[in-house]
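Residues per chain, in single letters:
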Amino acid sequence: MDDSLSDNRPLRILIADDSDSDRLILKTLLRRLGHEVEDAGNGEEAVEIFRRSGADIVLLDALMPVMDGMEAARHIKALAGERLVPLIFLTSLSDADALARCLEAGGDDFLTKPYNRIIIEAKINAFNRMRLMHRTLSHHRDLIRDRNRQLLEEQKVAKRVFDNVAHTGCLSAPNIRYHASPMSIFNGDVLFACPRPAGGMQILVGDFTGHGLPAAIGAMPVAEIFYGMTSKGFSGSDVLREINQKLGRIMPTGMFCCAAMIQADFHLNQLQIWNGGLPDGVLVRKDGSLESIASRHLPLGVVNAARFDAGMEVFHTEPGDTLLMMTDGVMEAENRQGEMYGEERLKRSLADAGTAGSPFDVVMEGIHAFTGNQQEQDDVTLLSLQMVEESELVGVSERLPQSALEGPAEWQCVYEIKDRSLEQFSPLPLLLHICMEVPGLRRKSGEIYTLLSELYTNALEHGVLGLSSDWKATPDGFGRYYAERERRLQSVSDHFIRFTLTHTMTDWGGQLTIVCEDSGAGFDYLDPSPANNESGYSGRGLMLLRKLGRSLTFREYGTRAEIVYDWHFSEVAARDGNTNSQTGGWS
Amino acid sequence: MIDKPHLDEEALAELRDVMEDEFDILIKTFLMDSSDRIAHLRSALEHEDADRFSKSAHSLKGSCINIGAPRLGELCFDAEKAGRESRLQEAAELVDAIESEFRKVEAGLKEFLH
Chain G
1 MDDSLSDNRP LRILIADDSD SDRLILKTLL RRLGHEVEDA GNGEEAVEIF
51 RRSGADIVLL DALMPVMDGM EAARHIKALA GERLVPLIFL TSLSDADALA
101 RCLEAGGDDF LTKPYNRIII EAKINAFNRM RLMHRTLSHH RDLIRDRNRQ
151 LLEEQKVAKR VFDNVAHTGC LSAPNIRYHA SPMSIFNGDV LFACPRPAGG
201 MQILVGDFTG HGLPAAIGAM PVAEIFYGMT SKGFSGSDVL REINQKLGRI
251 MPTGMFCCAA MIQADFHLNQ LQIWNGGLPD GVLVRKDGSL ESIASRHLPL
301 GVVNAARFDA GMEVFHTEPG DTLLMMTDGV MEAENRQGEM YGEERLKRSL
351 ADAGTAGSPF DVVMEGIHAF TGNQQEQDDV TLLSLQMVEE SELVGVSERL
401 PQSALEGPAE WQCVYEIKDR SLEQFSPLPL LLHICMEVPG LRRKSGEIYT
451 LLSELYTNAL EHGVLGLSSD WKATPDGFGR YYAERERRLQ SVSDHFIRFT
501 LTHTMTDWGG QLTIVCEDSG AGFDYLDPSP ANNESGYSGR GLMLLRKLGR
551 SLTFREYGTR AEIVYDWHFS EVAARDGNTN SQTGGWS
Chain U
1 MIDKPHLDEE ALAELRDVME DEFDILIKTF LMDSSDRIAH LRSALEHEDA
51 DRFSKSAHSL KGSCINIGAP RLGELCFDAE KAGRESRLQE AAELVDAIES
101 EFRKVEAGLK EFLH
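Line by line, the protein sequences give chains G and U. Quick note: the first sequence uses UniProt numbering, first residue 1, plus one each step. Quick note: the second sequence uses UniProt numbering, first residue 1, plus one each step.
There may be inaccurate statements among the hints.
[Said to hold, decoys possible] In the DSSO-like style, the derived pairs of lysine-lysine whose C-alpha atoms are separated by at most 30 Å in a straight line are: (1) U/Lys28 to G/Lys159; (2) U/Lys81 to U/Lys28; (3) G/Lys123 to U/Lys4; (4) G/Lys27 to G/Lys123; (5) G/Lys27 to U/Lys4; (6) G/Lys246 to G/Lys418; (7) U/Lys81 to G/Lys156; (8) U/Lys104 to G/Lys27.
Don't read these hints as lab results, they were simulated from the structure.
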């Protein structure tokens with residue numbers, strides 16, 4: 001109706017009084033003050049005029065025929081809605097009760113007869129100031145409401161984009177349970193999980209400083225790096241180093257990400273964990289005993305690459321052990337008295353529960369019981385990872401993302417790694433990456449990685465370093481084996497390991513040939529010694545692949561091993577249909 | 001018992017100042033309006049409608065106060081109270097008093113018109 005906030009225009013004033021002479025006096029008074037006046041002889045007329053043309057201020061006689069001032073006041077207030085239309089009762093009433101009733105009916109003030117033009121002018125001016133202030137406030141409130149709606153809208157879009165970046169995870173694996181608010185990203189909490197091509201999985205729990213979009217923005221590159229590197233076979237430490245460097249570069253001082261990286265190996269039954277600034281994680285053993293996993297590092301994005309320690313602690317586990325990691329929203333969940341849940345209560349609930357109930361449920365129930373009916377605190381992120389038999393996770397790694405791009409089909413590459421680099425660098429992620437350019441091979445990343453890694457390990461440890469796998473047969477020898485490996489790696493020189501990868505298309509699919517040569521003295525790949533059985537560490541991958549019924553031929557001549565790996569269109573298509581309906585048309 | 005003047009000259013002077021050319025119209029309006037209301041008072045009394053009587057007296061009181069006829073306003077206030085308390089006998093006497101006071105006010109106001 002009236003939009004301008006700068007008001008020098010005359011006010012539109014509606015007056016209602018059944019006394020003709022009083023009305024005439026008031027109308028004349030107000031007009032002389034420069035206002036526009038409409039007048040009515042009773043309440044009903046006044047409501048009608050207000051409905052038709054509105055008014056800035058209304059002056060109403062309390063007692064009028066047809067509809068009295070009190071009822072007219074209620075109608076006019078209802079019609080005005082959110083607008084403040086000051087309503088002043090005109091009255092010769094003298095008893096306090098009657099005056100109070102006028103105000104209860106929605107009146108803002110009253111003017112008593114006889115009219116005094118100085119008082120009238122002062123009141124009109126005062127109420128006009130109030131009216132303008134109310135309008136300014138309403139206008140600002142509307143502005144804030146609109147901005148807020150727009151912000152929420154933008155957050156939704158940002159969340160969709162973010163979900164697209166981070167959707168490829170394996171958080172739905174049967175051994176993972178988690179709690180995270182749907183909009184947790186805007187509290188700076190992140191939770192990613194990705195299968196490793198060599199088996200097992202890698203999980204990142206993170207908590208960015210700050211809230212809102214600034215916190216969410218840092219999460220995007222973290223998701224990209226985490227999923228990108230993990231699915232190519234990079235270790236947890238490698239991924240941490242990369243994320244730390246990236247965040248250090250892009251985030252302003254004072255912004256960083258408390259995080260924990262978990263690398264789970266279900267074959268070796270071990271967890272490798274790095275905790276930088278998150279609350280202590282808890283490893284709940286099958287027998288109910290608890291082990292703390294304290295933060296031993298600075299958060300990601302704080303120290304530069306040279307000072308960053310990405311070393312992960314190793315925990316030996318058994319199927320049935322459960323790891324809990326959380327952000328500080330769990331510790332800081334508040335009850336009605338403003339107390340925080342805290343580590344003590346968390347550990348007590350876990351200890352009290354013993355082996356009864358899953359640790360995840362115990363903690364979630366503990367938090368709910370503690371906070372009572374408090375509104376759900378939306379920065380609570382809790383992850384539970386249960387150690388299980390490897391066989392229970394079949395299929396998890398097949399959920400890796402599929403690119404719709406056609407890749408190269410006919411190619412060959414030779415990659416040779418020499419001397420000191422043998423000690424410092426693993427060529428496996430790079431080689432796997434090259435193979436993954438072939439669309440038909442992408443779902444086989446686990447098997448390919450196993451092949452590459454077996455060939456590389458054999459070439460390095462037995463070929464170049466000349467270690468004997470016999471040593472690994474006993475626990476003592478096992479330690480000696482790795483100590484010796486470290487020692488010999490330090491002084492390796494004039495050695496190389498050369499991979500020759502060849503891919504070609506066949507009528508039924510494709511064929512990848514991997515040749516691995518080394519500069520060592522030569523050794524027996526198919527050593528029939530007891531250490532080389534399928535439950536040991538060495539050679540297990542090849543045995544596993546044979547058991548899976550891979551079309552695999554394996555040849556070796558001491559310093560040269562060759563594997564021919566066939567894949568079939570039918571397999572790729574069938575798995576696509578089963579596990580990745582999202583990408584639809586790819587075949 | 002009522003010691004207020006028939007007309008408040010000061011108030012009337014101020015009204016004249018405010019109303020300028022319309023002062024005459026105001027006085028005529030007041031006089032017409034008031035005799036209407038006195039007729040209303042009588043009719044309410046005949047119907048023994050104390051509520052209507054009291055409301056009419058209240059309205060008349062308001063305009064009397066505004067126009068500057070305080071004694072007439074005071075009589076109206078007494079009538080309003082009598083009506084509210086259903087003292088109809090007293091009310092009838094008050095209407096007579098109001099009518100007589102109104103005549104005086106009317107005469108005085110007509111003086112003012114010159």
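Each hint, compared with the structure:
Annotation: proposed proximity of U/Lys28 to G/Lys159 is violated, straight-line Cα distance about 76 Å (limit 30 Å). Annotation: proposed proximity of U/Lys81 to U/Lys28 holds, straight-line Cα distance about 28 Å (limit 30 Å). A C-alpha spacing of about 29 Å is found between G/Lys123 and U/Lys4, which places the hinted pair at or below 30 Å, so the restraint holds. Taking the CA atoms of G/Lys27 and G/Lys123, the gap is about 15 Å. The hint holds against a cut of 30 Å.
Of the supplied pair hints, the one linking G/Lys27 and U/Lys4 holds, its CA atoms being roughly 28 Å apart against a limit of 30 Å. Between G/Lys246 and G/Lys418 the CA atoms are separated by roughly 29 Å; this keeps the pair inside 30 Å, and the hint holds. Of the pairs offered as hints, the one joining U/Lys81 and G/Lys156 is violated, with about 68 Å between alpha carbons and a cut-off of 30 Å exceeded. A hinted pair counts as satisfied when its Cα atoms are at most 30 Å apart, and U/Lys104 with G/Lys27 qualifies at roughly 27 Å.
Hints 1, 7 from the list above are not met by this structure, while the remaining hints are.
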